[in-house]
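Chemist: One letter stands for each residue in the lines below.
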Amino acid sequence: MASHSDITPEFWPVIRRIMVVGLCIVMLAIFALWRINNPRAERMRMALVDKITPAIEWTVTPVTAFGRLLDDFQSYNRVYQQNQELRRELQRMRGWREAALQLEQKNAQLRALNNVKLSPHLSFVTGEMLTDSGSPFSQSGLVNIGRQDGIVDGSVAIDGAGVVGRVVGLGEKSARIVFLTDTNSQVPVLVLPSGQKGILTGDNSLVPLLQFLEDQDAIRPGDRVVTSGDGGVFPADLLIGQVATDADQRARVRLAAEYSRLDFVRLLRPVGALDQTDPGGLVGNILSPIPYNTDRQRDQ
Amino acid sequence: MQIDQWRNMREGTIYVVVAVLSFYLNLLPLGTSFTKLSMPDLLYCATVAWVMRRPSSANLALVAAVSLLADILLARPLGLWTFFILLSSEYFRGRETGKGIQMRLIEWLSVSVVFGLMLLGQALVLKVSLSPTPSFQAMTWHVMTTVAAYPLVVSFLYWVIGIRAPLPADKSRSIGRVT
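Chains as they are written, first to last, in the working numbering: chain A, 7 to 306; chain B, 2 to 180.
Derived by calculation from the structure, the hints in this document are not laboratory data. Note that the structure is a prediction, hence the values are computed from the model and not measured. Worth double-checking, as some hints may not be accurate.
[Claimed, not checked] Partial selection, computed: residues in chain A whose CB lies under 7 Å from chain B:
1) 33
2) 34
3) 40
4) 41
5) 68
6) 69
7) 72
8) 137
[Unchecked claim] Far from chain B, by Cβ distances over 10 Å, these chain A residues were calculated:
9) 86
10) 138
11) 167
Glycine included, C-beta positions come from ideal geometry on N, C-alpha and C.
The shape of chain B in the complex, shown without the other chains (with noise of 0.2 Å):
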């Protein structure tokens, strides 16, 4: 046990460091927000990605901190973004992975098509709440370019930071995810 919490605890702090660096890129002044093609929301496919493969490290109060913290300095509406990532990381935590092909093609689908759906959520409230709303065209350009950059984050964690398919241990112990 004793192990375990070391180990959670050095990959929580992994965990954060590569969100706090993920929503670091798109703040860098590249200008690459003025072009049609927009930063796409790399804190999020990596919480998602992070959380399929190790539930116990990336945990709640963690994935609220950090992208509370992106919320701030991104200029966005404050927590709201931050609630549908808790959303998101509780629907897909602990959720199998697989080795296989169509394993991760339903992977990459199920994170896309959630992603859409928060931002139409997100869409939604804005719309009800009175503030401004972004337009379609630009939710669609943002859904996109994060679909597209879902499997590099997945590769990057892979091959960089060594989180792969979950441990038997993580598996066993399903206190990860609410069922």
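The following block holds chain A by itself, in its conformation from the complex (with noise of 0.2 Å):
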């Protein structure tokens, strides 16, 4: 471009144009190369992020801490209330945790008349938003931990209270989290007193839309909702927020985890959960399955 003096007047917007319709070009390659060859465009993609990310870190960390400085300053103006509140709440929490602790006590002796097998627990790692997607069209954000902290593609975001999202992309030190509200989102959940199995589905507003249900009037506002853990993505039981009905009367999940304020989020990592995905045949005949108690064979 900088060499533009030398060219006569006359040919410049020639050439010029032929450089429009160039660019314009390789701009619509690239985007069917996206479309064509996903998996491995969005590979390209995390990688160059990754080398960007370390650059965006310590800028974005002052303007956090600013905001937080915001926050805390506006929760200066009514600590003494906030602290009536808290003691209010202690004192409500010490009643729960006796209830708590007795029930543990319960429970623990009604397992050991059982004999339940317990699902391998999850480790998690606790990572730092970097940066959320910016965009209006689409709901994730960046993690600065990945695959060198043993993270893979599908492991499952949380924060303190409940399901945050998954991670779609990775790379060896960030990792892209799509969130529950992402039009791209669709998992597999459970409706708790009731029992009913259905689609979280994202509708990148920040209640989504919970769809396929058996029955729609089994359902209430207020239910709990976890993940089912069908489809192998998602781990069982992990709470992701509380049924509730919009305008329209459709079922929607309020999300128990708290977008607006998404600093930390652990990314569960599976520990030894074995995948059985076909009978062991080279131990005999393949028996046919036993009616009872099935779903609890996948944890052996």
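Each of the two chains sits in its own frame; use the hints to bring them together as a complex.
Modeler: In structure tokens:
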């Protein structure tokens, strides 16, 4: 571009036009590549993001710190009121703690009676949210942990309270999390007291839709929604949120994770969970499945 | 000619800084993307305002490079939005901006209409290529915030960066725009 001074002015517009058209074609070719070979393009994107993230990281920190400072300052104003609230809450929690301890003991006894095998525990790594997607059409974020920390594609992200999303792009030191609110997010869930199974579908709003329920009338607002573990991406029994209905009487889920202040998220690493996809043909004849308690077999 | 090139290089560098800053603002984890008000497309505003006022400094290669970088970092379909940014920057390059209030309103209106058309075009391409398409409501909000942000971006360029109406040198040499 810099050498245009030695080209005669008559030719310049023509050359320029060729360049414009050429660049446009290149961009459409990149888009076509992204569309056709999406995994490879996304891997290339993550490789680049991996390079750029360290440069962004130190600039993001002061901004978030400043935001937190403002928030803290606002809460400073009503610190007395908050203190009173916390005291009252603590009192109530003491009661609950007692109840929980008793229940735990009872539970342990019952488990010992039943000889229940529990699924192997999940370990987790906590990371800091670096950026959110910034685009109004996709809901995702970047965290500062990646393959080095044992994260795999599809790892589940939770904050203290509930599921946030899952990993869709993986770099060495960073990972992209697509939130439950994104349109690409579909999670098999279980609505708890009624045991209805459904799919939680994001629609770029803060309250995702609950679809494909067997019986729409069996659920009611306030029901707990947890992951069902179907499909094998999300482990079972992670809290997602509570059922709510919108103005059109469609079932939605109010998420337990606090998306407005996602500073830290935990990424789960599955440990030693054996994926049994076929029956053990090596041992002998294939046995017919035992009808009782079949879902426990996966954990063994 | 030599002085001219120096000025172009300096202004080109400032353009890159402003453009990177504009999409960096979108990246910050401020939680704004979850409210109904989506972040405006500041990169579009800055680019279009710049090419109208300084057609020769924010050249094609810079616009394409910065916009492609934004595509990569903002998790958008690669290259598609860059394509539309290139088209719009070519359309607006070296266009009259004028001094009067009427001219400014016309500029604002045309920038808004072109942005709406770009979003529609993008949605169309995504639909044809069977990719997930943003909802109409989200697009409407995006247009509204971007339209609202344009005068702010222009005044930022005017007061802080000092990018004003085209210099006489830019006007006389009409190589900036393909006619």
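Chemist: Decide, hint by hint, whether the structure agrees.
Modeler: Verification of the supplied hints:
Below 7 Å, beta-carbon pairs count as interface contacts, and residue 33 (chain A) has one with chain B at about 4 Å; its hint therefore holds. The interface hint given for residue 34 (chain A) is met, as the beta carbon of that residue sits about 6 Å from the closest beta carbon of chain B, less than 7 Å. Satisfaction of the interface hint for residue 40 (chain A) is found here, the shortest Cβ-Cβ separation to chain B being roughly 4 Å, below the 7 Å cut-off. Hint on residue 41 (chain A) holds. Least Cβ distance to chain B is approximately 5 Å, under the 7 Å limit.
Interface restraint check for residue 68 (chain A): the shortest CB-CB distance to chain B comes to about 11 Å, outside 7 Å, so the restraint is violated. With a least beta-carbon distance of about 6 Å to chain B, the hint placing residue 69 (chain A) at the interface is held under the 7 Å criterion. With a cut of 7 Å, the hint placing residue 72 (chain A) at the interface with chain B is violated, because the nearest CB-to-CB distance is about 10 Å. Nearest Cβ of chain B to the Cβ of residue 137 (chain A): about 4 Å, under the 7 Å cut. The hint holds.
No beta-carbon of chain B comes within 10 Å of the beta-carbon of residue 86 (chain A); the shortest separation is about 27 Å. Not every Cβ of chain B is farther than 10 Å from the Cβ of residue 138 (chain A); the closest lies at roughly 5 Å, contradicting the non-interface assignment. Separation of residue 167 (chain A) from chain B is adequate, the least Cβ-Cβ distance of about 16 Å exceeding the 10 Å criterion.
Figure legend: structure checked against the earlier numbered hints; hints not met, in rising order: 5, 7, 10.
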